Structure formats: structure tokens, C-alpha cells
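Student: Sequence:
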Amino acid sequence: MTILLLDKFGRVPDVAKYLYSFAAARWPASVVLAETKDHMDWELIGQCSEELEGAEAKALKQAYEELEDQEDVDLYHTKSWCRELWIESLGMAAVLPPPEETKQVKTAIGAAKAEQSRTLELE
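Each step along the sequence shown adds one to the number in the numbering used here, with nothing skipped, and position 86 is 86.
Worth double-checking, as some hints may not be accurate.
Said to hold, decoys possible - With a Cα cut of at most 20 Å, we get these calculated DMTMM-like pairs of lysine to aspartate or glutamate:
| hint | residue 1 | residue 2 |
| --- | --- | --- |
| 1 | K106 | E43 |
| 2 | K106 | E50 |
| 3 | K103 | E65 |
| 4 | K37 | E53 |
| 5 | K79 | E43 |
| 6 | K61 | D38 |
| 7 | K113 | E71 |
| 8 | K79 | D38 |
| 9 | K58 | E35 |
| 10 | K106 | E65 |
| 11 | K61 | D72 |
| 12 | K61 | D41 |
| 13 | K79 | E50 |
| 14 | K113 | E123 |
| 15 | K79 | E51 |
| 16 | K106 | D41 |
| 17 | K113 | E65 |
| 18 | K79 | D69 |
| 19 | K106 | D38 |
| 20 | K113 | E50 |
| 21 | K103 | D72 |
| 22 | K79 | D41 |
| 23 | K103 | E71 |
| 24 | K106 | E51 |
| 25 | K61 | E88 |
| 26 | K106 | E66 |
| 27 | K79 | E35 |
| 28 | K61 | E51 |
| 29 | K106 | E123 |
| 30 | K58 | D74 |
| 31 | K103 | E121 |
| 32 | K37 | E88 |
| 33 | K58 | E43 |
| 34 | K113 | E51 |
| 35 | K37 | E71 |
| 36 | K103 | E51 |
| 37 | K58 | E115 |
| 38 | K37 | E66 |
Just so you know, these hints were derived from the structure itself, not from any lab.
Computed from a predicted structure; not experimentally measured.
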């Protein structure tokens, strides 16, 4: 839900624009924090699966391997959206959707290359 404050002439005051853009940019930051924590949890599950033995180890390894790649992709894409929305909220040119999204990156190297390419997309 979006609520805009209007002045007596029906315009959005600069302070309201700033507060709205700041709030809009903060939401993705909290999502990145959650995705980062989620990613860390999966890495710990992978570590634990190496230390356990038997059926527990097998179950953890299977779960970890099934979701590991998707966890990476989620993190790269969430971070890129957050970066671009923050850039946009500061009044600078953003690349939306982010290059990580359009290039469908799946690796850390791919994410780094996509981020570097954003300057080319702005030209």
C-alpha cells in the first residue's frame, strides 16, 4: 500500500518524496539480510552433513545439494535488486531489472561480471 502526502496544491512535497524513496529502498535491504542469513544457514547445513554419519548425514547432504544452487541464485539476485533500488532512491541512474536478473546468473563469478557490466548498460 502506498500513501503519499500532498500539499495544499496536490503536489508531493520533497520531504514526502524522500521519505517514500528511503522507505522503499529499505525494504529490499531487509530481504537481503534475510537471504544472507538463509544462505549462511545452508552453508552450515552443508558443514554439518560432513561431520555426521549414517542416515542423518545422508538426509542433510541430500537436502543441501538439492537447494545449494538455488540458495546462491536467490542471494545474487536479491543483492542486485537491493543495490539498484538503493541507487535509484538516491536519485542516480539505476539498471532495472538488474543485470544479474537479465543475465540469469547462477555463480559468484557470473554475479560479479554482471555487476561490472551495469556501467555499460547505463551508457
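Student: Next step is simple, just say for each hint if it's right about the structure.
Tutor: Hints, verified against the model:
no., hint, verdict
1, K106 x E43, "16 Å, holds"
2, K106 x E50, "24 Å, violated"
3, K103 x E65, "23 Å, violated"
4, K37 x E53, "26 Å, violated"
5, K79 x E43, "18 Å, holds"
6, K61 x D38, "17 Å, holds"
7, K113 x E71, "19 Å, holds"
8, K79 x D38, "13 Å, holds"
9, K58 x E35, "25 Å, violated"
10, K106 x E65, "15 Å, holds"
11, K61 x D72, "16 Å, holds"
12, K61 x D41, "13 Å, holds"
13, K79 x E50, "29 Å, violated"
14, K113 x E123, "17 Å, holds"
15, K79 x E51, "31 Å, violated"
16, K106 x D41, "19 Å, holds"
17, K113 x E65, "25 Å, violated"
18, K79 x D69, "16 Å, holds"
19, K106 x D38, "17 Å, holds"
20, K113 x E50, "31 Å, violated"
21, K103 x D72, "15 Å, holds"
22, K79 x D41, "17 Å, holds"
23, K103 x E71, "17 Å, holds"
24, K106 x E51, "27 Å, violated"
25, K61 x E88, "40 Å, violated"
26, K106 x E66, "14 Å, holds"
27, K79 x E35, "9 Å, holds"
28, K61 x E51, "11 Å, holds"
29, K106 x E123, "25 Å, violated"
30, K58 x D74, "25 Å, violated"
31, K103 x E121, "12 Å, holds"
32, K37 x E88, "25 Å, violated"
33, K58 x E43, "16 Å, holds"
34, K113 x E51, "34 Å, violated"
35, K37 x E71, "11 Å, holds"
36, K103 x E51, "36 Å, violated"
37, K58 x E115, "36 Å, violated"
38, K37 x E66, "18 Å, holds"
Hints 2, 3, 4, 9, 13, 15, 17, 20, 24, 25, 29, 30, 32, 34, 36, 37 from the list above are not met by this structure, while the remaining hints are.
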